[in-house]
Amino acid sequence: MAFLTDEQAATTGTFTAVPDDGQLAGYFLLDRDARRRAMTCRGARSQLGHAVQLGTVRLLGTFLDNPEHAPADVVEYVTDQLGHSPSVLAGYGAERTRWDHQGTIKDAYGYRDLKGDAWWKLARWLWDRCWSGNERPIASTRASSNAPTVPEGPRTPISDAI
Numbered sequence: 001m002a003f004l005t006d007e008q009a010a011t012t013g014t015f016t017a018v019p020d021d022g023q024l025a026g027y028f029l030l031d032r033d034a035r036r037r038a039m040t041c042r043g044a045r046s047q048l049g050h051a052v053q054l055g056t057v058r059l060l061g062t063f064l065d066n067p068e069h070a071p072a073d074v075v076e077y078v079t080d081q082l083g084h085s086p087s088v089l090a091g092y093g094a095e096r097t098r099w100d101h102q103g104t105i106k107d108a109y110g111y112r113d114l115k116g117d118a119w120w121k122l123a124r125w126l127w128d129r130c131w132s133g134n135e136r137p138i139a140s141t142r143a144s145s146n147a148p149t150v151p152e153g154p155r156t157p158i159s160d161a162i
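Under the numbering used here, read the sequence shown as residues 1 to 162, first letter to last.
If you're looking for bench data, these hints aren't it; they were derived computationally from the structure.
Bear in mind that the values here come from a model prediction, so they are computed numbers and not experimental data.
Warning: the hint list may mix true and false statements.
[To be verified] The calculated label-pair distances, taken between Cβ atoms and stated as ranges, are: (1) Ala10 with Arg42: 34 to 42 angstroms; (2) Asp107 with Asn66: 19 to 27 angstroms; (3) Gly93 with Leu114: 17 to 25 angstroms; (4) Gly13 with Asp117: 19 to 27 angstroms; (5) Arg42 with Asn66: 19 to 27 angstroms; (6) Gly83 with Leu4: 37 to 45 angstroms; (7) Glu76 with Gly43: 14 to 22 angstroms; (8) Ala123 with Ala10: 21 to 29 angstroms; (9) Gly83 with Trp131: 44 to 52 angstroms; (10) Arg42 with Trp131: 49 to 57 angstroms; (11) Lys121 with Glu76: 31 to 39 angstroms; (12) Ser85 with Ser132: 26 to 34 angstroms; (13) Gly91 with Lys121: 35 to 43 angstroms.
Just so you know, even glycine gets a beta-carbon here, dropped at the ideal spot from N, CA and C.
Just need the whole structure built from these sequences, with the hints factored in.
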């Protein structure tokens, strides 16, 4: 992503700060469907890992390399909803299950990797926004690099926004 500064590239897809209460409630609150999906996973570690990954992709627009690196406040917020101890997440990042959960989350919520056609659709959308709006191109790239991939409000996949 050549358009990002070195600092932006280094922090893309990571937690740069602990999410505030509004972000926790907006991205990590498990509705009935999300809680049901998490609880269908086998074991407390998998249930918690699935739920943490779901909230992470909602907030960051990507999955963490190791979901165990989510801030303690995030893990605690999710464990309170599932009735588990935060300590059960230990070891989840080394399991193959985390990759399966990412696929499950992508399928269930319509997330997809920005490769090939999806990347070009996003680039075209940004290009159109830059040239048809009042924003300068650098403002749009800053906005898009700091914002989650999924728009605020109803959880719609990026493909619907393009």
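Against which earlier hints does the structure fall short, listed by number upward?
12
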